[in-house]
Structure formats: structure tokens, C-alpha cells
Amino acid sequence: MTPFVPPGYRTIAAPASAEQEIKRSRFICFLTPVADEEEARAEIARVRALHPKARHHCTAFVLGERGELKRSNDDGEPSGTAGAPMLDALDGSELTFVVAIVVRYFGGILLGAGGLTRAYRAAVADAVTHAKILRFEPRERIAVTLDYSTAAVVEAEALRRGWSIGEAEYGAAVTLRLGIPPEDRDIAAERIAAHTAGAAAIVDEGFGFVSVGVVD
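For the sequence shown, the UniProt record's numbering gives the first residue as 1, with consecutive numbering after it.
Don't take each hint at face value.
Straight-line Cα separation of at most 30 Å, DSS-like style, residue types lysine-lysine; simulated pairs [what the hints assert, rightly or not]:
#1 53 / 23
#2 53 / 70
#3 132 / 70
FYI, nobody ran anything at the bench for these hints, they're computed from the structure.
Start from the sequences and build out the full structure, keeping to the hints where you can.
Structural data, given as C-alpha cells:
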């Protein structure tokens, strides 16, 4: 039986923000990468402290490699007009490990349920356009210890095949840390052995997700 390999995911590389004004109300969205719910709630508290005079601090976050944990809060806006459309915007961008906080300064003009829904969704969507999106994919992580004379050719092979390359260690020998797509596991062992005449030591460091670059 072929082992299950979870799909990759997308997240943001760094915090991003955007501001919109709609009928004199200011909607400021803060978008931040987070690892877990504790970090998400800490970021929500931080933004609340930065904007204590705002009328609302509405929130949404998505966590997990498959985006399986989702939470939202309308923070006093009519039910379903803030947190849910914010989640919709995150889902539409296929993002996870991210929290969105939209701070609203009320401008004195009521927007109605439809207007609020559109405003909160647009605030998050606009912030996403200002963010750098990273793609993470599943990888078999290995440590390859080899001579200095063969390290460059193995590294070139990794680059050619699109394997991720982590931080190297240099001592009496070189240790390269590579992220191999599961389907390339056998060919990786074969190519490394061929380039090093079988002298390289390969240690399995387990399965994980690694960044494979910025999404255009």
C-alpha cells in the first residue's frame, strides 16, 4: 500500500497590513503568520492594545497543514458579518497558519449587514495582496555526510532536481541537509551513492514540510 502523503500548504512569510475607508469607517487589517492558537491569540491581544479606541477588533485564524482549525469572532458586529467573511477571504486565498485582525474605527454611518460583510472580506483580501506567500510541501528530510570533494556535485544535483537544501555543517566532512519529495526517495539514495562512490552516510531525519519558495 502506498503511504499517505499529505498535500502542501500556503502561508505568509511575514506580517502584512492594509487599510480601507468605507463611508468614513476605517478598516485596518493586520495579517500575521502564527504557529498555533496560542500565538494567534497573543497577536490578537497585541493588536487590541495598539488600537484601544477602535470600535471593533474582529478576528479570524486558520491553523494546521490542512487548515483544519478555524476560528472567528465578530467582536460586537452583527452575527456573521465580520469573522465569517474574514475566514472566507483566508480560505479563498488558500492560506493557513495565519491570523487576521480587522480593526474598525466607526465613521458614524451604518453599513448594513451586506455592507459589513463586503467590507470585512475586502479588508482581509486586500491585506493578502500585500503579503508574500510561501508554499510548503512535504519532504523526507535526510542528512548526508560526505567529503568536501563531492559536496558541490551532490548540492548541484539537489538544485537540479528541486530538492530543498538546508543549512550545511562543516567539519572534518560536510553534512548537507536535504528535503526530498517522497517519490524521489529511492532516486536520491542512488544519485548520492553514484556521486560519492558509495562513501556518503545518509541519515533519515524524518518527515516534515519545507518551504519551496515564494508563490508568484
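To see whether the hints hold, each was checked on the structure:
1. Restraint check: the Cα-Cα separation between residue 53 and residue 23 comes to about 19 Å, which is no more than 30 Å; the hinted pair holds.
2. Taking the CA atoms of residue 53 and residue 70, the gap is near 27 Å; set against the 30 Å cutoff, the hint holds.
3. Simply put, residue 132 and residue 70 have alpha-carbon atoms about 21 Å apart, close enough for the 30 Å limit, and the pair holds.
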